[in-house]
Amino acid sequence: DAKTTQPTSMDCAEGRAANLPCNHSTISGNEYVYWYRQIHSQGPQYIIHGLKNNETNEMASLIITEDRKSSTLILPHATLRDTAVYYCIVRVGRGSTLGRLYFGRGTQLTVWP
Amino acid sequence: NAGVMQNPRHLVRRRGQEARLRCSPMKGHSHVYWYRQLPEEGLKFMVYLQKENIIDESGMPKERFSAEFPKEGPSILRIQQVVRGDSAAYFCASSLQTERIGQVNTEAFFGQGTRLTVV
Chain A
1 DAKTTQPTSM
11 DCAEGRAANL
21 PCNHSTISGN
31 EYVYWYRQIH
41 SQGPQYIIHG
51 LKNNETNEMA
61 SLIITEDRKS
71 STLILPHATL
81 RDTAVYYCIV
91 RVGRGSTLGR
101 LYFGRGTQLT
111 VWP
Chain B
114 NAGVMQNPRH
124 LVRRRGQEAR
134 LRCSPMKGHS
144 HVYWYRQLPE
154 EGLKFMVYLQ
164 KENIIDESGM
174 PKERFSAEFP
184 KEGPSILRIQ
194 QVVRGDSAAY
204 FCASSLQTER
214 IGQVNTEAFF
224 GQGTRLTVV
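As given, the protein sequences belong to chains A and B, one line each in that order. The letter at position 48 of the first sequence is residue 48 when you use my numbering, and the numbering goes up by one with no holes. The letter at position 30 of the second sequence is residue 143 when you use my numbering, and the numbering goes up by one with no holes.
Hints in this document: simulated from the structure, not taken from any laboratory. Computed from a prediction, not measured in an experiment: that's the story for all the values here. Please note: incorrect hints may appear among the correct ones.
[As the list claims (entries may be wrong)] Only pairs whose alpha carbons sit at most 25 Å apart, straight line, appear in this in silico SDA-like list of lysine to any residue:
1. A:Lys3 x B:Lys184
2. B:Lys184 x B:Gly198
3. A:Lys52 x B:Leu209
4. B:Lys157 x A:Tyr102
5. B:Lys157 x A:Asn30
6. A:Lys3 x B:Gln150
7. B:Lys140 x A:Met59
8. A:Lys3 x B:Glu153
Build out the structure end to end from the sequences listed, making use of the hints.
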């Protein structure tokens, strides 16, 4: 699976949008971009994933650049409960195992009041 | 629909004892994955199991660690003769079958983990 690069930490004011970047310059055509987060002492929580089109769900939006070498996770209105470590993971889609994930160090997002 | 259930949530063992960690996957999920998270580190894959089969154990330490997922009952991660370095959070995840052509891509769901402390 391709490697990803994320900033170590980011801050965001409550109510503002949190934009978390991820670089995955060696991504292959059949690899998806997944985002998980881990709130302190809890299990990782799935957020969103995409292949090449932008995606949106009730939690977040995922913007993938046209060349697919980078992406941005957007939390449109961050709350204090969004404080967590956010992991950007690139995973082969077809034929691969859904739970075989390579977690890097992630980005520690701190939302302040 | 209950999520992935792990028990116990906290486990304390003395050096040399055995630790047994249990994971009940989400209903309908037949694939289970175990991860370990050492203090201040990211999650590391340990083993991937389907019912009665170990599919990928490339992340498992060669000694003292074993995992099973029997036909009936939860998946068990077993650590024999625990040492202080085994102190960590152990997470289990479950998923549906592997993705196949034409299948809608899906995701794995994680439990809340078991925190093992070796004293």
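Now the hints, each set against the structure:
{"no.": "1", "hint": "A:Lys3 x B:Lys184", "in the structure": "violated (36 Å)"}
{"no.": "2", "hint": "B:Lys184 x B:Gly198", "in the structure": "violated (31 Å)"}
{"no.": "3", "hint": "A:Lys52 x B:Leu209", "in the structure": "holds (23 Å)"}
{"no.": "4", "hint": "B:Lys157 x A:Tyr102", "in the structure": "holds (7 Å)"}
{"no.": "5", "hint": "B:Lys157 x A:Asn30", "in the structure": "holds (23 Å)"}
{"no.": "6", "hint": "A:Lys3 x B:Gln150", "in the structure": "holds (19 Å)"}
{"no.": "7", "hint": "B:Lys140 x A:Met59", "in the structure": "holds (24 Å)"}
{"no.": "8", "hint": "A:Lys3 x B:Glu153", "in the structure": "holds (20 Å)"}
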